[in-house]
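Novice: Mind docking chain S on chain U? Use the hints.
As given, the protein sequences belong to chains U and S, one line each in that order.
Numbering-wise, the first sequence is residues 1 to 183 according to this note's numbering.
Numbering-wise, the second sequence is residues 184 to 814 according to this note's numbering.
Note that these hints are calculated values from the structure, not bench results.
Just to be clear, a hint being listed does not mean it is correct.
No farther apart than 20 Å at their CA atoms in a straight line, the calculated lysine to aspartate or glutamate pairs in the DMTMM-like style are these [as the list claims (entries may be wrong)]:
| id | chain 1 | residue 1 | chain 2 | residue 2 |
| --- | --- | --- | --- | --- |
| 1 | S | K201 | U | D124 |
| 2 | S | K735 | S | E803 |
| 3 | S | K439 | S | D505 |
| 4 | S | K189 | U | E45 |
| 5 | S | K592 | U | E45 |
| 6 | S | K266 | S | E420 |
A few chain U positions that, by computed beta-carbon distances, are all more than 10 Å from chain S [as the list claims (entries may be wrong)]:
| id | residue |
| --- | --- |
| 7 | E8 |
| 8 | M58 |
| 9 | L156 |
| 10 | S157 |
| 11 | I164 |
| 12 | K178 |
By construction, the Cβ of each residue, glycine as well, lies at the ideal position given by its N, Cα and C atoms.
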Amino acid sequence: MDDKTIVELYLDRNEAAITETDKKYGRYCHYIALNILASEQDSEECVNDTYLAAWNAMPPHKPQRLSTFLGKLTRNISLSRYRRDHAEKRVPATELILEEALELIPDGGDTSSDSEAISLALSDFLGTLTKRQRIIFLRRYYYMCGISEIADSLSLSESNVKTILSRIRKNLRAYLEKEGISI
Amino acid sequence: MKNDEKKFKVLNSIGDVKESYLSEADPQREPRKGRTGRRLLAIAACVALLLTSLSLWLFIPYSNDPPSVEEYSDSEYYPLIQKINALTFTPNRFRNNFEMLRSKFFSITSDKAAPESSVEAADGATGTLTTGTYVEATDNQVAGVIEEDIIKRSDRYIFYMRGSTLSVYTIDGEDSKLLSSYSITHSDGSFSAYNTLDFYLSADCRTVTVIENGYVANGGYLSVISLDVSDPQNIAEKKRISISGSKISSRLVDGKLLLLSGFMISKNDLDFSDESTFLPQIDSGNGFERLKPDRIFSPDELTSSSYTVVTKIDEQTLTLEDSVAFLSYSNSVYVSKDSIYVTRSFSDIKEDDLSYETSRMTEISRMRYSGDKFEYLGSVTLEGYVKDQYSLDEREGVLRVVTTTDTRKYKRAKATYAPLSMPENGTSANLYCIDLATMETVATVEQFAPLGETVRSVRFDGNTAYVCTSVELSDPVFFFDLSDINNITYKDTGTIEGFSNSLIDLNDGYLLGIGVGSSRSVAKIEIYEEGEEKVIPLCKFETAGYIADSYKSYLIDRENSLVGVAVTDNTQSSVEIKYYLLHFNGSHLTKLAEIPLPRAIDTRSTRAQVIDGHLYILTEGNFFKVEDITK
Numbered sequence: 001m002d003d004k005t006i007v008e009l010y011l012d013r014n015e016a017a018i019t020e021t022d023k024k025y026g027r028y029c030h031y032i033a034l035n036i037l038a039s040e041q042d043s044e045e046c047v048n049d050t051y052l053a054a055w056n057a058m059p060p061h062k063p064q065r066l067s068t069f070l071g072k073l074t075r076n077i078s079l080s081r082y083r084r085d086h087a088e089k090r091v092p093a094t095e096l097i098l099e100e101a102l103e104l105i106p107d108g109g110d111t112s113s114d115s116e117a118i119s120l121a122l123s124d125f126l127g128t129l130t131k132r133q134r135i136i137f138l139r140r141y142y143y144m145c146g147i148s149e150i151a152d153s154l155s156l157s158e159s160n161v162k163t164i165l166s167r168i169r170k171n172l173r174a175y176l177e178k179e180g181i182s183i
Numbered sequence: 184m185k186n187d188e189k190k191f192k193v194l195n196s197i198g199d200v201k202e203s204y205l206s207e208a209d210p211q212r213e214p215r216k217g218r219t220g221r222r223l224l225a226i227a228a229c230v231a232l233l234l235t236s237l238s239l240w241l242f243i244p245y246s247n248d249p250p251s252v253e254e255y256s257d258s259e260y261y262p263l264i265q266k267i268n269a270l271t272f273t274p275n276r277f278r279n280n281f282e283m284l285r286s287k288f289f290s291i292t293s294d295k296a297a298p299e300s301s302v303e304a305a306d307g308a309t310g311t312l313t314t315g316t317y318v319e320a321t322d323n324q325v326a327g328v329i330e331e332d333i334i335k336r337s338d339r340y341i342f343y344m345r346g347s348t349l350s351v352y353t354i355d356g357e358d359s360k361l362l363s364s365y366s367i368t369h370s371d372g373s374f375s376a377y378n379t380l381d382f383y384l385s386a387d388c389r390t391v392t393v394i395e396n397g398y399v400a401n402g403g404y405l406s407v408i409s410l411d412v413s414d415p416q417n418i419a420e421k422k423r424i425s426i427s428g429s430k431i432s433s434r435l436v437d438g439k440l441l442l443l444s445g446f447m448i449s450k451n452d453l454d455f456s457d458e459s460t461f462l463p464q465i466d467s468g469n470g471f472e473r474l475k476p477d478r479i480f481s482p483d484e485l486t487s488s489s490y491t492v493v494t495k496i497d498e499q500t501l502t503l504e505d506s507v508a509f510l511s512y513s514n515s516v517y518v519s520k521d522s523i524y525v526t527r528s529f530s531d532i533k534e535d536d537l538s539y540e541t542s543r544m545t546e547i548s549r550m551r552y553s554g555d556k557f558e559y560l561g562s563v564t565l566e567g568y569v570k571d572q573y574s575l576d577e578r579e580g581v582l583r584v585v586t587t588t589d590t591r592k593y594k595r596a597k598a599t600y601a602p603l604s605m606p607e608n609g610t611s612a613n614l615y616c617i618d619l620a621t622m623e624t625v626a627t628v629e630q631f632a633p634l635g636e637t638v639r640s641v642r643f644d645g646n647t648a649y650v651c652t653s654v655e656l657s658d659p660v661f662f663f664d665l666s667d668i669n670n671i672t673y674k675d676t677g678t679i680e681g682f683s684n685s686l687i688d689l690n691d692g693y694l695l696g697i698g699v700g701s702s703r704s705v706a707k708i709e710i711y712e713e714g715e716e717k718v719i720p721l722c723k724f725e726t727a728g729y730i731a732d733s734y735k736s737y738l739i740d741r742e743n744s745l746v747g748v749a750v751t752d753n754t755q756s757s758v759e760i761k762y763y764l765l766h767f768n769g770s771h772l773t774k775l776a777e778i779p780l781p782r783a784i785d786t787r788s789t790r791a792q793v794i795d796g797h798l799y800i801l802t803e804g805n806f807f808k809v810e811d812i813t814k
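If we strip away everything but chain U, and leave its shape as in the complex, we get (with noise of 0.2 Å):
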């Protein structure tokens, strides 16, 4: 079924709207939700959190991309349910991308940016990247991936992989402080 007849069943408030989606993006939820969690009965509860979440979104909410929507939704409460419970219940491959985000943040600044500033610069750096560059980036900082999975759905070498993200990091925090971005 396509995205549009699935959203508009949610605008309908037709029970099926979570079959379907079911069908064609629980996995894909389930994949990101494993990605943060590294547990199979955390990451299925926090699909079913996901479908109560678009539930009640839609309406009024009508999501341009429904795989892009489902899939923020699924991120935020999984990162949610990770930061409540990571004090107890650290995933080591979260740890390390948590770690390697700290590394984004640039020096100084008393006064964090508010969110929307923070995002729109990041939006402006990645648009300065190649495509390449940009979707290694966002497979591991947004889709919470490991190194070896990005090398291999992009034949690349894990170090190739590593010496990027590494760079990236590097020319972000600086454009970041270069604009006044704090955090």
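Specialist: Frame of chain U; chain S shown alone:
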């Protein structure tokens, strides 16, 4: 803002970049036509050549049974192997290779097992200077059960850890100074410590025992490092040992270090012919050995492929005396004077064709450590999950536990789930009393919190339990009378503004709450007392900002009725952090000191001590200040 919050803020902001970029990077996205055309041509050529055999390979259905492990039936671990095999087997989502190839882009990485540990020993110099008499700097939950911390002291020196650097300060009022610093390093460079290291100071103040927990690229790794501090100006490493896994918690009791660590089984590396891939390894000085089967406990049905390993180590010699393991991931741990209680949270699922219900449950396992060897004494399963170690307390043969209950129901349509808002969905709180002789629940107070609230903080003090629950920015605080568990009664404050992340019992029956006030940008410290009919908020101190939810960062001095906290005020144009020292005189909270702290510090690392009328404050960034509070 704390580093942890910044990391999540960065990741959240990345989620709001241009949608076209996110879509472009989507792993399930089809490759470009040009590349696809070339691949299809190659596949078509292969298919043309191997059409018949390929078709057979594509459509032969997968088996949905776990692989056979009969070849290990002679192993003494065979029952454990069978359980792990069943747990780690994931029935294929696809029916055959054709469906699997269609979704080839969803390859998922798995965690790796911890690397082999190494044992290093270093002979350290021993000094002859006395380092004074031990003074407890940490507000331990149970008297005599010392908790790890980043500050310890004697009557002569304060030991404080920043990152992996131990600093020693003299205690000399306003003439106090930094005496020495010692950085803890790893010789092979394959280990990095992500957080500030916790440690212990021995009763004779001559030894500091550091617990180093960190991550390498493929797993967790734990080191216990013994430092000779008998001459604080010449600190030297005496010995270190390493254990596979990552730290959960630790305690020091009568010179014995109780270490709880987690060891995860990696599905990718699992090989039942290699015991190191599914059994925790302990090095007691004679090379790595696996735990014996009778030292491994597991529930009948596994819900986690991670072990909680409990190890007893002699503080002075770092000799491993005993180890046991639970095949379950531990959440909170409570340690009483003779037992360790390990908790495991899981979801209990009930389903039929029409509905799906999931309830959070907690299994609590008890292990006595006071003998020569650990002794497993049984488990109990309760509804709900515990917030932290303060949610459990052992007294006179009864274990008291407070949980947040969380049950959700979904209406089910065939194999998927449609969300359904049902009035009975939601969280509340239960209090349990468990007879430790039988590990059975003998008393329960169910659903005492308003629906939708969760437990924010718990404290037990003798026969009284204090519980704060809230949903957002209002809470009741409950006082439970547990003197007769057959007739448990309780009072509460009713709904009041704010909630407490920590509840602390003060002398004379007063209760101190530290947390949030009327909004999330108001920090609140409040005193409660028990009235005839209800619990009464007696007095409070509020200021703009927030207090980190980190109990050990609070100064609690019951003897002098003092409380100290660091408050981060981010309501102004620039962030300000101040340390407040308050005194409770039986009716009011009075501010004794208000001291600016450096900006951009993590207030969870702030520690303070009141010694002979002086307030000593230590934080990140080498900040150290002494203030005379008698003036």
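Novice: If a hint holds in the structure, say so; if it does not, say that too.
Specialist: Hints versus structure:
Pair hint K201(S) plus D124(U) holds up; C-alpha atoms about 9 Å apart against a cutoff of 20 Å. For the proposed pair K735(S) and E803(S), the alpha carbon gap of about 15 Å is at most 20 Å, so the pair holds. Our distance criterion of 20 Å between C-alpha atoms is met by K439(S) and D505(S), whose separation comes to about 11 Å. Proposed proximity of K189(S) and E45(U) is contradicted: the alpha carbons are some 26 Å apart, above 20 Å.
Between K592(S) and E45(U) the CA atoms are separated by roughly 12 Å; this keeps the pair inside 20 Å, and the hint holds. The straight-line distance between the Cα atoms of K266(S) and E420(S) is roughly 42 Å, outside the 20 Å bound, and the hint therefore fails. Listed as a non-interface residue, E8(U) keeps its Cβ farther than 10 Å from every Cβ of chain S; the least gap is roughly 17 Å. Once the 10 Å rule is applied to beta carbons, M58(U) is consistent with being away from chain S; the minimum gap is 12 Å.
Chain S leaves L156(U) outside its interface by the beta-carbon criterion, the shortest separation being 14 Å against a cut-off of 10 Å. In this structure S157(U) is separated from chain S by more than 10 Å, as the shortest Cβ-Cβ distance comes to about 15 Å. Remark: the non-interface label on I164(U) is consistent with the geometry, its nearest Cβ contact in chain S lying 13 Å away (cut-off 10 Å). Taking the minimum C-beta to C-beta distance to chain S, about 17 Å, the non-interface status of K178(U) holds against the 10 Å cut.
Consistency note: the structure conflicts with the earlier hints numbered 4, 6.
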